[in-house]
Amino acid sequence: MINRILSLIWKELLAVLRDRRSRISILLPPLIQLLIFTEAATLDVKNVPIGILNRDNGEQGFELTQRFHGTPFFNRIVYLKGVEEIGPFIDNQKGVMVVSIDEQFSRNLDHNQSTAIQVILDGRKSNTAQILSGYTISIIEQFNKDYAFKAGLKPPNTQIFPRFWYNPNLLYYWYNIPSLVATLSMLACLVVTTQAIARERELGTFDQLLVSPLTPFEILMGKALPGVLIGMLEGAFLLAMGIWGFQVPFTGSLALFFLSQFIFVTAISGVGLFISSLSATQQQAMLGTFVFMLPSVLLAGFATPIENMPSWLQPFTYIIPLRYMLVISKGIFLKAMPADIVFHNIWPMILIALFTLASAGFFFRKRLQ
Amino acid sequence: MTQKTRNDKPQWRRLRALIVKESLQIIRDPSTILISVVLPILLLFLYAYGVSLDLNHLRIGLVLEDTAPAARNLAESFTDSRYFDVKIARDRRELTHDITSGAIRGFVVIPSYFTEFLDRKETIAPIQVIGDGSEPNTANFVNNYAQGAFANWMQQEKVSKGLRELPRVDVEQRVWYNEQLESRYFLLSGALAIIMTLIGTLLTALVVSREWERGTMEALIATPVSIGEIVLGKVIPYFILGLISMALCVTLSVFVYGLPFRGSLGALGLVSTAFLFCALALGLMISTLSKSQILSYQIATVTGFLPAYILSGFLFEIYSMPYWIQILTYFIPARYFVQSLQTLFLVGDVWPLILRDIVPMLLIGLLFFWIAGHKTVKRLDG
Numbered sequence: 001m002i003n004r005i006l007s008l009i010w011k012e013l014l015a016v017l018r019d020r021r022s023r024i025s026i027l028l029p030p031l032i033q034l035l036i037f038t039e040a041a042t043l044d045v046k047n048v049p050i051g052i053l054n055r056d057n058g059e060q061g062f063e064l065t066q067r068f069h070g071t072p073f074f075n076r077i078v079y080l081k082g083v084e085e086i087g088p089f090i091d092n093q094k095g096v097m098v099v100s101i102d103e104q105f106s107r108n109l110d111h112n113q114s115t116a117i118q119v120i121l122d123g124r125k126s127n128t129a130q131i132l133s134g135y136t137i138s139i140i141e142q143f144n145k146d147y148a149f150k151a152g153l154k155p156p157n158t159q160i161f162p163r164f165w166y167n168p169n170l171l172y173y174w175y176n177i178p179s180l181v182a183t184l185s186m187l188a189c190l191v192v193t194t195q196a197i198a199r200e201r202e203l204g205t206f207d208q209l210l211v212s213p214l215t216p217f218e219i220l221m222g223k224a225l226p227g228v229l230i231g232m233l234e235g236a237f238l239l240a241m242g243i244w245g246f247q248v249p250f251t252g253s254l255a256l257f258f259l260s261q262f263i264f265v266t267a268i269s270g271v272g273l274f275i276s277s278l279s280a281t282q283q284q285a286m287l288g289t290f291v292f293m294l295p296s297v298l299l300a301g302f303a304t305p306i307e308n309m310p311s312w313l314q315p316f317t318y319i320i321p322l323r324y325m326l327v328i329s330k331g332i333f334l335k336a337m338p339a340d341i342v343f344h345n346i347w348p349m350i351l352i353a354l355f356t357l358a359s360a361g362f363f364f365r366k367r368l369q
Numbered sequence: 001m002t003q004k005t006r007n008d009k010p011q012w013r014r015l016r017a018l019i020v021k022e023s024l025q026i027i028r029d030p031s032t033i034l035i036s037v038v039l040p041i042l043l044l045f046l047y048a049y050g051v052s053l054d055l056n057h058l059r060i061g062l063v064l065e066d067t068a069p070a071a072r073n074l075a076e077s078f079t080d081s082r083y084f085d086v087k088i089a090r091d092r093r094e095l096t097h098d099i100t101s102g103a104i105r106g107f108v109v110i111p112s113y114f115t116e117f118l119d120r121k122e123t124i125a126p127i128q129v130i131g132d133g134s135e136p137n138t139a140n141f142v143n144n145y146a147q148g149a150f151a152n153w154m155q156q157e158k159v160s161k162g163l164r165e166l167p168r169v170d171v172e173q174r175v176w177y178n179e180q181l182e183s184r185y186f187l188l189s190g191a192l193a194i195i196m197t198l199i200g201t202l203l204t205a206l207v208v209s210r211e212w213e214r215g216t217m218e219a220l221i222a223t224p225v226s227i228g229e230i231v232l233g234k235v236i237p238y239f240i241l242g243l244i245s246m247a248l249c250v251t252l253s254v255f256v257y258g259l260p261f262r263g264s265l266g267a268l269g270l271v272s273t274a275f276l277f278c279a280l281a282l283g284l285m286i287s288t289l290s291k292s293q294i295l296s297y298q299i300a301t302v303t304g305f306l307p308a309y310i311l312s313g314f315l316f317e318i319y320s321m322p323y324w325i326q327i328l329t330y331f332i333p334a335r336y337f338v339q340s341l342q343t344l345f346l347v348g349d350v351w352p353l354i355l356r357d358i359v360p361m362l363l364i365g366l367l368f369f370w371i372a373g374h375k376t377v378k379r380l381d382g
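Line by line, the protein sequences are chains A and B. Under this note's numbering, the residue at position 74 of the first sequence is numbered 74, and the numbers go up by one with no gaps. Under this note's numbering, the residue at position 71 of the second sequence is numbered 71, and the numbers go up by one with no gaps.
Any given hint could turn out to be false.
Said to hold, decoys possible - Ranges of calculated distance between the beta carbons of each label pair, as one might list FRET restraints:
| no. | chain 1 | residue 1 | chain 2 | residue 2 | range |
| --- | --- | --- | --- | --- | --- |
| 1 | B | 264 | A | 87 | 15 to 21 Å |
| 2 | B | 76 | A | 233 | 34 to 40 Å |
| 3 | B | 56 | A | 210 | 35 to 41 Å |
| 4 | B | 25 | A | 233 | 50 to 56 Å |
Said to hold, decoys possible - Simulated pairs of lysine-lysine, DSS-like, Cα-Cα distance not exceeding 30 Å:
| no. | chain 1 | residue 1 | chain 2 | residue 2 |
| --- | --- | --- | --- | --- |
| 5 | B | 375 | B | 87 |
| 6 | A | 46 | A | 154 |
| 7 | B | 21 | A | 150 |
| 8 | A | 81 | A | 94 |
| 9 | B | 291 | B | 21 |
| 10 | A | 150 | B | 158 |
| 11 | B | 161 | B | 121 |
| 12 | B | 291 | A | 11 |
| 13 | A | 154 | B | 161 |
| 14 | B | 21 | B | 87 |
| 15 | B | 158 | A | 145 |
| 16 | B | 158 | A | 154 |
| 17 | A | 145 | B | 161 |
| 18 | B | 158 | B | 121 |
| 19 | A | 150 | B | 161 |
| 20 | B | 21 | A | 145 |
| 21 | A | 46 | A | 94 |
| 22 | A | 154 | B | 121 |
Simulated from the structure, these hints should not be mistaken for laboratory data. Here a beta-carbon is modelled for each residue, glycine too, at the ideal position from N, C-alpha and C.
Modelling step: build the complete structure from the supplied sequences, incorporating the hints.
Right, here's the structure in full:
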């Protein structure tokens with residue numbers, strides 16, 4: 001039996017890897033995705049053009065605009081000449097924020113009165129806008145502090161010291177790469193397994209498999225294991241790229257990582273075969289893949305954190321294998337995650353793997369009859 | 001000779017027959033309905049609820065080593081903050097496990113000597129904020145909100161101690177077009193771009209390469225229909241399918257998810273047509289280049305779907321990307337589509353901006369069409 005399964009696996013791998021185009025299609029896309037995602041997928045905000053309208057002729061207004069110039073966040077500043085320019089500037093997306101300082105600014109401060117500046121933000125880009133507004137507030141806070149110091153007030157003798165564990169400089173790619181190792185090996189595994197049955201069915205070779213001495217269980221294993229193998233290889237390849245290519249620290253245990261990766265790709269192979277056993281054509285299988293993949297990627301906590309979701313939606317994320325692997329991958333890369341927390345995230349994936357493989361087998365056998 | 005001249009001119013009757021055949025194929029295949037109706041509904045739902053950049057409850061810890069009144073006061077400004085769900089501990093070791101497992105996203109430490117240092121004038125009483133750097137965006141929010149809670153406490157202290165008030169500068173913030181700063185308002189435009197890419201590019205690429213793979217394309221070519229008719233016969237039904245799906249999505253966004261629509265339907269139609277033109281042309285180009293379904297799927301994902309997701313600027317700010325990727329985004333139709341959709345939904349018909357978006361889309365579409373046509377003709381000659 002083992003021999004028969006092995007030869008089926010060998011045949012499947014050959015079918016995938018023999019053709020140069022399909023070899024490229026398995027290796028190249030993840031590499032491109034890793035590169036572009038790592039470089040582009042950042043929620044950092046920098047280099048965003050802003051406008052400043054300074055209608056104040058005094059010293060304080062000038063000093064404040066200089067402070068905007070001095071920060072690394074704002075290196076593209078456009079000076080507006082009048083209030084009427086604000087509308088077109090924002091509407092045509094020449095910039096995301098306009099800081100407006102009115103005529104009274106210096107005079108108010110010099111007369112010992114509080115004053116305000118206006119910040120106009122483009123709501124079409126609410127995330128960027130919020131972060132820019134955060135930068136602006138911290139510039140103003142510093143301005144206030146320095147002003148108080150100049151006026152002879154002693155600075156307060158308490159201070160807040162922020163520190164970031166696991167990623168002290170908050171480098172976004174330290175977050176992206178461990179997440180991508182999991183996400184992209186999921187995609188590679190899905191491409192192989194979802195096609196496994198549907199392709200043979202479309203080409204008509206599935207009937208030949210059925211008349212061979214292989215039992216349904218053997219066929220299922222022979223179809224699932226190549227996906228597992230490719231998922232493991234892809235994972236190892238991306239892991240190596242992350243550690244040596246991008247220099248992301250790997251603090252945890254390699255054995256734990258590969259154990260988790262193995263269970264993860266087994267669960268994904270189960271899902272892939274399940275989709276494949278339901279589809280009659282390759283096209284249906286691919287579209288089925290999308291229907292599984294999109295919610296997985298969007299809800300697993302990679303795009304945006306799970307805790308941002310409404311609480312009624314959060315339980316649905318428990319059936320997404322990627323959710324657990326993201327925690328493990330980031331944890332083992334950056335946090336040296338201990339085995340007990342890793343196992344806490346492994347057992348749900350085991351359940352998912354058992355369930356999907358069993359149902360793939362069920363539907364697959366139903367099609368046989 | 002007469003045969004040849006008949007082939008060169010597109011004939012409406014033959015074209016109509018092809019369109020009917022393709023439309024029947026669309027309607028009969030459940031997977032096309034899946035992608036053009038079910039998937040948009042699912043995606044809009046996911047983007048409306050699942051993807052959100054608006055943090056409502058950050059779970060953090062608070063280590064209260066000092067129990068004097070001043071420290072308790074400070075702790076209260078953290079527990080009272082509407083952004084935080086605070087778990088209080090006496091020892092920081094209790095929280096290390098939680099931050100490793102991801103149960104909390106950071107913690108604040110008020111050290112045992114806090115009040116003592118605060119009362120002495122020459123020392124600085126420190127408060128430590130520790131964020132989980134493995135989630136950089138959330139870590140930033142932890143830090144920002146902690147700074148906010150701390151500033152509140154300082155202000156209260158000043159008032160209670162009757163310290164001299166100095167004039168200060170305040171920031172009056174106004175957000176145009178999206179007063180509540182709802183991330184849903186701009187994320188849904190991105191979802192629309194992704195759905196249109198799936199229908200326009202992925203579906204077309206799959207359908208045309210299936211004809212090549214099964215050899216039915218050669219059969220079609222052998223008939224008197226011209227290559228132009230074949231292409232039009234393929235493209236027109238999917239174009240209509242795309243427009244229907246677009247109408248469905250816009251209706252759902254406005255009436256179910258409460259997005260405002262401040263532009264005009266005419267402008268929306270123009271923008272969608274231009275984008276679908278691009279997406280279909282890309283799909284055709286992919287299928288003529290690859291001719292196999294799996295490969296087409298892979299190429300469509302990398303050149304159509306992923307750029308629409310990452311490089312269109314709806315989630316990740318284009319200005320913050322490295323320069324070479326910024327250049328790349330100019331060739332991504334989704335970038336223009338997302339920008340004009342956001343404007344149409346939230347601002348209105350800003351024609352200079354919309355035209356600036358439509359023209360590049362048309363140019364990119366023409367380029368893809370030209371490549372696709374060029375390749376197909378060559379194949380027929382050879």
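Results of checking the hints against the structure:
| no. | hint | in the structure |
| --- | --- | --- |
| 1 | B/264 <-> A/87: 15 to 21 Å | holds (19 Å) |
| 2 | B/76 <-> A/233: 34 to 40 Å | violated (54 Å) |
| 3 | B/56 <-> A/210: 35 to 41 Å | violated (54 Å) |
| 4 | B/25 <-> A/233: 50 to 56 Å | violated (37 Å) |
| 5 | B/375 <-> B/87 | violated (64 Å) |
| 6 | A/46 <-> A/154 | violated (34 Å) |
| 7 | B/21 <-> A/150 | violated (81 Å) |
| 8 | A/81 <-> A/94 | holds (15 Å) |
| 9 | B/291 <-> B/21 | holds (21 Å) |
| 10 | A/150 <-> B/158 | holds (18 Å) |
| 11 | B/161 <-> B/121 | holds (15 Å) |
| 12 | B/291 <-> A/11 | holds (23 Å) |
| 13 | A/154 <-> B/161 | holds (14 Å) |
| 14 | B/21 <-> B/87 | violated (64 Å) |
| 15 | B/158 <-> A/145 | holds (14 Å) |
| 16 | B/158 <-> A/154 | holds (12 Å) |
| 17 | A/145 <-> B/161 | holds (18 Å) |
| 18 | B/158 <-> B/121 | holds (15 Å) |
| 19 | A/150 <-> B/161 | holds (21 Å) |
| 20 | B/21 <-> A/145 | violated (73 Å) |
| 21 | A/46 <-> A/94 | holds (15 Å) |
| 22 | A/154 <-> B/121 | holds (10 Å) |
In terms of the numbered hints stated before, the structure departs from hints 2, 3, 4, 5, 6, 7, 14, 20, listed from lowest to highest.
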